[in-house]
Amino acid sequence: MMIEAVRIRLFGKAVNKDYGPISPGLTVCYGENESGKTTLKEFVRTTLFKTGKRKNIYPQTSNSDSGEIDCVTDSGKRFTVTRNGSNVVSSIGIMPSDISGVDPNIYRSVYAMSPEDLIDTDAVESGDIKRRFLTVPGGENMPQISESINIGMEELLRPEKMTSVKGIGKLLDEIRQNGEAIRDARSKGPEYETLVKAEAEILSELSTLKEMKAEADAVRARAEAYIKQERNLKEYGDLVVGREGMADADRAPPEGMERYRELKDSERSRRERMEETDRKLKSLRDEMAGASPAAVMRNEERIRSLNENIGSYLSAASDSEAVAASASRLDAEIAALAVDGPGRDTIRNADTGRDTVEKGSETDMPKKNYAPALALLALAALCALGAFVSGIPYIYAASVSALAAIYFVLPERSPANGFSDFIASRGFPQDTRREDVAGLCAAIDNIRALEEKRDSEIGQVIKMRADMEKLESELDSVASEAGIERTSFEADVRRLNALLARSSAISDAEITAKTARSEHQTAKDALEGYLSPYGSAEELERIVRLKKERDEADSNMEKLRKIMGSAGIDTGSEPPLPPDDPAEEIGERQRRLGMINSQKNAILRDADTERLMDVRSTLRAELESEIRRWGVLSLERYIADRACDDIYESMQPRVIRTADRYLDMMTGGLYRMESNPRTKDVSIRGGTEVKAKGQWSSGLAGQVCLSLKLAVAKELSEEKLPMLLDDVLLVFDSERKQGACRALSEAAKDMQIVFFTCDRETYGLMKQAGAESMEMSL
Amino acid sequence: MSDFRFIHCADLHLGSRFAGIRSRDGELAERMTESTFSSFSGITDLARSENADFMVISGDIFDKETITPRTRFRFAEILGRLDIPCFIAWGNHDHTTSWEEGVPLPANVREFGGEPERFMLELRNGGAVEISGISFTSKNTSEDLAAKLEGGKDVFTVGCVHCDVDSGDASAYAPARLVDMIDKDIDYWALGHIHRRAVLHERPYVVYPGNTQGRNIKESGEKGAYVVTVASDTVEELRFVPTQKIVWEKIEADITGHSLGSFIDSVSSKIKKDSVVRIAVKGRGALDNMIRSEPDDILKAIQSRSAGTVADLEVCSKPERMPSAGGNDLVSKVASVADSVMGMERGRLIDIICDTATSKKHLRKYFESMSDEDLGNLVGDAKVRLLERFSEASE
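From first to last, the protein sequence lines are chains A and B.
Per my numbering, residue 1 is the first one in the first sequence, and the count goes up by one each step.
Per my numbering, residue 779 is the first one in the second sequence, and the count goes up by one each step.
Errors might be hidden in some of the hints.
[Stated by the list, open to error] Output of the computed footprint for chain A on chain B, the stretches with three or more beta carbons under 8 angstroms from beta carbons of chain A:
1. 871-883
2. 1048-1056
3. 1154-1166
The hints are simulated quantities; they were obtained by calculation from the structure and are not laboratory data.
Where is the CB? At the ideal position from N, CA and C, for every residue including glycine.
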């Protein structure tokens, strides 16, 4: 599309200004400042590519703006765009922006450039240009993809510098902070150790302090006890002093008066016993009634023998009487038998029994025995004589009595008659005949038997009486020796026997009395020996009493010692001075211990570290995921880059080729243009050196920008739009201006270019490059 | 001859964090961290319910990165509830801290030191068992700790050690050789270190119980402890009992024929409660581009409808149309270049990814820690994503 003519009715300061016809190629419009160059350019631009109000751009649009632009399309269709205020219409219904599809802003940047547009190199890199022109087949979306990858990576990790604002940097920062927090939290481990050590130390100190306190308490208690026990202490002191004056107590026997009393009691009891035995002995002796105990004892055997024979004596006395009576009865019986039977002669003449009868008659005759009676009489006479001489009447009387008794005892025998007397006495007939002997033999035998029995009994009587006499004689002897007068056998023997018992008792009593005397003497000696060290019983008593007093003192002292000892008082030491009480220090340690325990428990129960570790775990998982994402994006980018590199080696984009041609013309071959096919970033190669955008000088940047915009303008749309350049070469030096004019002339072969300038040099160079010229004025 | 039962566990990593969960849900994070304690607590419950005679823990009880006094305190608390002896051999993650003595372990715990020790344990039934063990004393060691252990000839011996079996002498974690171990008078090797459970040998038993709670997708499946029953000095039964509270799973989701809504419904229904899943997106379709361009939004949408937890998406799907690499246009060139990048060697690939000053400085180590497969996946993702960008731009 070309602009053939422009008619401004009213726009800015321009009123009813007509411009045209305008060349389809390169046209240079020269005018001084305020000659209407910018007004014309802006009228065309704002009419063909309507944009909103723009600040600081002259002239500002208004509702009174009006005018027409005559255009022709590349295909030769003519149309006029009419402007009335903000209303812009086309006579054929086609607006240039619709024809080209170019964004008004791009148009302004690329087609309606002013000097500042050459400085704005970013414009050539804006999305639409890149998207549409700096690509290869199939790679139209490459910039968008590259950008999204870069954005993704940028979100995760800025390539040039780590930041903690977002993405991996943020996570790493969070992990770092979390790590620090965990380190702080885990310092609770060593802190716990410190606490345990401190606890052990405090416990040790506490133990020492408690010992000190216990000791202090004890000392204090002792001190208080000294005060409380003051009276006891004084009493104790007095006792000590008093005890010192009791040295004699050492002499006291350990058993005290006990032994003395024992000995004394022993002596007394021995003495009393001795006196008792003496009394008893005397009594016994008195009871002997003049009998000699010694004589009695000498005849002990005899007395005992007599005593034993009392029974036999009495029995003999009794039996002899009875037997004698029996014998008398037998005599009478025999006599009776002889009187009533054959008579003595008959019996004497009998063959078989005469001798016997004879004999029997004779033996049956009782005859008086004078010998014993004489002996007794002699003895009685001797006794009576003795008694008479000794003058003891009762012995004399006894002897007389004995003599009388003996005399009366002697049996008085009557002379016996012969057999015939006997028969006669019995009434037997005198004429008993011999022939009656046989009959009488039985009677005689009976008589003989009776006689034998009588004789036997008489013999017995004799023997018994002899025995009795023997005993009497023995008794007489003993009684005489013992010094007692005789009465009766039994009584005397019993008396002797009693005297024997007394004599024996006297003998025993004498032994006892002797023993008692001996024992008394021993006891007396012991008592005197015991007392001898002390001089007297009184001294002993004094010493013992002293010892008792001292013992009591000792006991009291001991009691006091115990009382005071239990109160912690040593009686031998002074009251202690209480040390400082460590209670406060103990309290302080216990408080610290409590704090440590609660700190320990807090650590043991503390879940903060766990929570922080949970967070770390999550952060690490997130980081791992983000890093993985980064890895994928990084690989995506690499794959995309490699693919682009590979494909662009054979397929250089047209825009870059065109721009490269223009730059080559502008720089006289010094620089060539390249572009990054992925990002479409333009770089410049000067020989072997490649310069990225930031490395360009301002002049080179202008050349690159102009080249690129010319190329883009050429390739931007199917319909070639006119370019309106407002003194864009002002920043160039003369050489660069010349090169630019060459390039513009070349570009104008493909599209209409209207170049506005106030620079004479540029104007001249443009004309030299073949531009049509037009001088402007308002 | 003794009859007894014991619990063998290892690699508790108490207090360690789950990897790969991007959710900033504090409650979820706490539940996951708590799961390591819960699993161990479950093991002590197991010891009680099984009437075990003792327990052995073969190292890595803690995690060097996360251990705090509270962690050790809670471990001690759980052990304190166990009324049977517990033998501990420390591992490479259990390096000592200055404060640990301040949080003492209960009296029923016997810790092995850096030199081999042998304990004769009198059993409740009157029998005896020997526990022989050794601990790590530093973060790593090239010493064969297992070789130092000895057992009794006339008694059943449990060897307790944290070591790396048959992974080569270059291992820094007490490298050991199985052939040497089975030649010793040790009847049961209670090992730790490898997080995947494995019975390397029987008679004598050489056992890795695995860790007690999976913490990332690589530690998927059930986790717990072994209950070992010994009768007449012979291992009668070796029974694994899961105690984990959260199971890591990888589930596949096909986009083919799905709309976004139906895809999200389909995937979320597969996610079980108390599971943490990685969704491997397969198939071909228009959703591919959507998932790749907005993975976080898709993840959140699935998460909001599922009972478990979605850790991440592994997008292996393809777009509806994939340009061929044979054409003359830029898109074809992109496909061709991406294919060539896929074949690049690792170092070059990392150089390409980290080509800026900041990425070199801050990111390189992350990519260097990636496996070749992961790096390959990055290239694949980049190719698909880039082609999708061309496709989007042309629409």
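Here is how each hint holds up against the structure:
Here the region 871-883 of chain B counts 6 residues with a CB under 8 angstroms from a CB of chain A, which clears the bar of 3, and the coverage holds. Restraint check on the region 1048-1056 of chain B versus chain A: 0 residues with Cβ-Cβ distances below 8 angstroms, three needed, restraint violated. For the region 1154-1166 of chain B, the stated coverage by chain A holds: 7 residues have a C-beta nearer than 8 angstroms to a C-beta of that chain, and at least 3 were required.
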